[in-house]
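Visitor: What follows is the residue order along each chain.
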Amino acid sequence: MKSYEEIYQEVTTIITQKISDSRKIQPNSSLYELTTDSIQLFELVIAFERHYRMEASYDDIINIATVADIARLIHTKLAPVPIKP
Amino acid sequence: MITEPERLIVQTSDVLKKTLASEFLTKTELVRYARVPLQKQPDWLLGRLVAKQTITSALADRGVTVTLTDIEMYSEPSGAPAYHLLTKPSGYSDNAWPISLSHCTGVAAACLRSDQKPVGIDIEQIRTWSMETLKAFTTPREYQHLRTLPPTEQNHLATVLWTIKEATLKALKTGLRRHPNTIETILDQPEIMLYRPDEERSAVLKPRWLLYNQNYIITVVTL
Numbered sequence: 018m019k020s021y022e023e024i025y026q027e028v029t030t031i032i033t034q035k036i037s038d039s040r041k042i043q044p045n046s047s048l049y050e051l052t053t054d055s056i057q058l059f060e061l062v063i064a065f066e067r068h069y070r071m072e073a074s075y076d077d078i079i080n081i082a083t084v085a086d087i088a089r090l091i092h093t094k095l096a097p098v099p100i101k102p
Numbered sequence: 563m564i565t566e567p568e569r570l571i572v573q574t575s576d577v578l579k580k581t582l583a584s585e586f587l588t589k590t591e592l593v594r595y596a597r598v599p600l601q602k603q604p605d606w607l608l609g610r611l612v613a614k615q616t617i618t619s620a621l622a623d624r625g626v627t628v629t630l631t632d633i634e635m636y637s638e639p640s641g642a643p644a645y646h647l648l649t650k651p652s653g654y655s656d657n658a659w660p661i662s663l664s665h666c667t668g669v670a671a672a673c674l675r676s677d678q679k680p681v682g683i684d685i686e687q688i689r690t691w692s693m694e695t696l697k698a699f700t701t702p703r704e705y706q707h708l709r710t711l712p713p714t715e716q717n718h719l720a721t722v723l724w725t726i727k728e729a730t731l732k733a734l735k736t737g738l739r740r741h742p743n744t745i746e747t748i749l750d751q752p753e754i755m756l757y758r759p760d761e762e763r764s765a766v767l768k769p770r771w772l773l774y775n776q777n778y779i780i781t782v783v784t785l
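So the sequences go chain by chain: W and V. Every letter in the first sequence is one number past the one before it in our numbering, and letter 8, counting from 1, is 25. Every letter in the second sequence is one number past the one before it in our numbering, and letter 141, counting from 1, is 703.
Simulated from the structure, these hints should not be mistaken for lab results. Glycine is no exception: its CB is placed at the ideal position from the N, C-alpha and C atoms. Don't take every hint at face value.
Claimed, not checked - Per label pair, the in silico range of CB-to-CB distance:
1. 644(V) / 19(W): 37 to 47 Å
2. 594(V) / 68(W): 45 to 55 Å
3. 68(W) / 589(V): 38 to 48 Å
4. 93(W) / 649(V): 42 to 52 Å
5. 595(V) / 76(W): 29 to 39 Å
6. 694(V) / 20(W): 43 to 53 Å
7. 40(W) / 713(V): 29 to 39 Å
Claimed, not checked - List of simulated lysine to any residue pairs, SDA-like, C-alpha gap at most 20 Å:
8. 697(V) / 39(W)
9. 19(W) / 67(W)
10. 735(V) / 81(W)
11. 35(W) / 738(V)
12. 35(W) / 690(V)
13. 35(W) / 694(V)
14. 697(V) / 19(W)
15. 697(V) / 61(W)
16. 697(V) / 58(W)
17. 602(V) / 39(W)
18. 735(V) / 35(W)
19. 35(W) / 697(V)
20. 735(V) / 82(W)
21. 41(W) / 603(V)
22. 35(W) / 692(V)
23. 697(V) / 81(W)
24. 602(V) / 33(W)
25. 602(V) / 49(W)
26. 602(V) / 47(W)
27. 735(V) / 55(W)
28. 41(W) / 600(V)
29. 35(W) / 689(V)
30. 35(W) / 658(V)
31. 35(W) / 599(V)
32. 735(V) / 658(V)
33. 41(W) / 602(V)
34. 41(W) / 697(V)
35. 35(W) / 61(W)
Taking the hints into account, I'd like the entire structure generated from these sequences.
Guide: Quick look at the structure:
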């Protein structure tokens with residue numbers, strides 16, 4: 018299973034592919050801050066949706082506040098469900 | 563006597579060359595302005611100016627004089643723009659008229675409805691769209707139609723469709739929290755739009771759009 022840090026790295030890579038300046042990305046950056054307009058924001062959300070098809074929908078991602086929150090959501094969804102004895 | 567319910571004002575960033583932020587922002591707004599990401603500040607500023615001009619202009623037509631700093635813009639929890647009238651003209655209250663604003667690379671537009679109907683406005687520059695993005699924000703029927711068009715027409719119509727959808731989502735006060743592909747435009751009658759027929763709020767609407775400065779589309783939707 019991927020660690021939170023690995024997923025956070027993946028998330029920042031996806032953002033970097035969509036926006037030019039990766040230096041701006043901080044854990045508490047919002048998608049709104051990182052994108053120039055609504056179309057770029059939409060493109061970023063669908064890039065996440067495509068990459069994490071099984072873990073997160075458009076509705077999940079668009080309502081998330083920060084980059085760290087996205088990584089946290091994916092990490093939680095990927096966590097194995099404990100099997101009851 | 564003013565009968566038209568709608569007021570639309572468009573401004574370009576040239577107006578900011580001769581207008582200082584402190585001339586039209588209140589102290590609270592100046593604090594908010596400082597928190598806006600640097601690259602978004604010019605358009606944010608232009609958006610507030612044009613929204614205030616739209617309100618003062620509608621009030622002036624009713625014989626009420628307020629200055630730009632008598633109006634304080636803020637965002638509702640939904641993200642929709644709203645305003646306080648700091649000096650309370652008799653008979654006019656905060657947010658008495660629904661207002662919507664939009665800005666895009668140096669152009670901003672605001673629209674106000676004096677008949678209280680929810681209104682949404684969007685402005686976008688005509689751009690080259692990737693097929694991936696087109697497919698994502700359109701319905702299958704819209705996408706099929708777009709694919710048949712030559713590139714120039716495709717980019718133009720795709721920009722119109724995006725502005726129709728975003729303006730509608732603003733009027734609904736959801737913004738992009740609701741997926742744009744939940745709204746469909748009937749393309750053989752492009753002035754008519756409806757929500758997906760399986761939805762409770764299914765409705766037929768009449769968006770209106772205009773081409774501005776040859777490469778911007780401005781669309782207004784009223785619910």
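Visitor: State the violated hints by number, sorted upward, taking the hints as numbered earlier in the document.
Guide: 2, 6, 8, 14, 18, 23, 30 and 34
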